[in-house]
Amino acid sequence: MRTRSLGFVAALVSCLSFASAANASSVIFSDFGSGNTSNGSYGYTVDPGFSPAMLFTSSNAAAVSQIDLGLSYNTGINGATVTLLADNAGALGASLGSWSVSSFPQWPSSGNTVTTISGISGVNLAAGGSYFLQVTQPDSLSDEVWNGNSTGATGTVFTGGVYGTDSLSAFDVLGSSVAATPLPSTWLMLLSGFVGLGFLAYRGTKKNAAALAAA
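Per the numbering used here, the very first residue in the sequence shown carries number -15; after that it's consecutive.
Read the hints as simulated data drawn from the structure, not as lab findings.
Wrong hints could be hidden among the right ones.
[As the list claims (entries may be wrong)] Restraint-style ranges between C-beta atoms, simulated for each label pair:
hint: 1; residue 1: Val146; residue 2: Ala47; range: 29 to 39 angstroms
hint: 2; residue 1: Ser160; residue 2: Ser124; range: 33 to 43 angstroms
hint: 3; residue 1: Gly145; residue 2: Ser18; range: 29 to 39 angstroms
hint: 4; residue 1: Val107; residue 2: Gly139; range: 31 to 41 angstroms
hint: 5; residue 1: Ser94; residue 2: Gly144; range: 26 to 36 angstroms
hint: 6; residue 1: Val11; residue 2: Thr138; range: 14 to 24 angstroms
hint: 7; residue 1: Gly106; residue 2: Ala73; range: 32 to 42 angstroms
hint: 8; residue 1: Ala163; residue 2: Ser124; range: 38 to 48 angstroms
hint: 9; residue 1: Pro32; residue 2: Gly139; range: 18 to 28 angstroms
Even glycine gets a Cβ: it sits at the ideal position worked out from N, Cα and C.
Assemble the whole structure, with the sequences as input and the hints as a guide.
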């Protein structure tokens, strides 16, 4: 009985572990400080001439579900557009998704207010892949500020039509891990587990039948 119980538990744990790996929540990238704080007294201007974009690397294969940014309002329209783009050999590539955001706190801000884009679907990032997050404001009479990070993170920054290495703006990208296609050995292990469960169940039924006949 003990052997049968251990076999059942082992097979069950194996199956559950495989299922949970496909749905684990993860931080794809973040340069926010504790409590999603940013530097509300410093940042990159967002207007038609300066549409800052930050290059980041995806920590794992994941489906994006949420993006948070430290944004502040300066003048004109209190709103902007956030776009996630592919990295085309170190330059802005194709758009993977775009979202309108608004209602930012007045700049300079405390750096504690975060603009959140949630409910994102259909955007998958590759493990170790590079991507750009860009904020744009097309209105010539308006400008916002994309707050700097408060952790000292630096990287490739695009602003004013120029690429360079500088302090990154504050943002994070969140999502759910995407499990890789199981290898044949993984399917074999799962199949073996289910076959083992069936065999143990058969043995248990046979033993019970034999015990009843002896009685």
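Structure-based check of all given hints:
For the pair Val146 and Ala47, the supplied restraint of 29 to 39 angstroms holds, since their beta-carbon distance comes to about 32 angstroms. For the pair Ser160 and Ser124, the beta carbons lie near 39 angstroms from each other, so the given range of 33 to 43 angstroms is met. Against the hinted window of 29 to 39 angstroms, the Cβ-Cβ separation of Gly145 and Ser18 comes to about 34 angstroms, which satisfies the hint. Evaluation of the 31 to 41 angstroms hint for Val107 and Gly139 yields a failure: the beta carbon distance comes to about 20 angstroms.
For the pair Ser94 and Gly144, the beta carbons lie near 27 angstroms from each other, so the given range of 26 to 36 angstroms is met. Checked against the hint of 14 to 24 angstroms, the C-beta distance between Val11 and Thr138 comes to roughly 19 angstroms, which is consistent with it. As the Cβ distance of Gly106 to Ala73 is approximately 24 angstroms, the hint placing it in 32 to 42 angstroms is violated. The given range of 38 to 48 angstroms is respected by Ala163 and Ser124, whose C-beta atoms sit roughly 47 angstroms from each other.
A hinted range of 18 to 28 angstroms holds for the C-beta pair Pro32 and Gly139, which are about 24 angstroms apart.
Hints 4, 7 from the earlier list are contradicted by this structure; the remaining hints agree with it.
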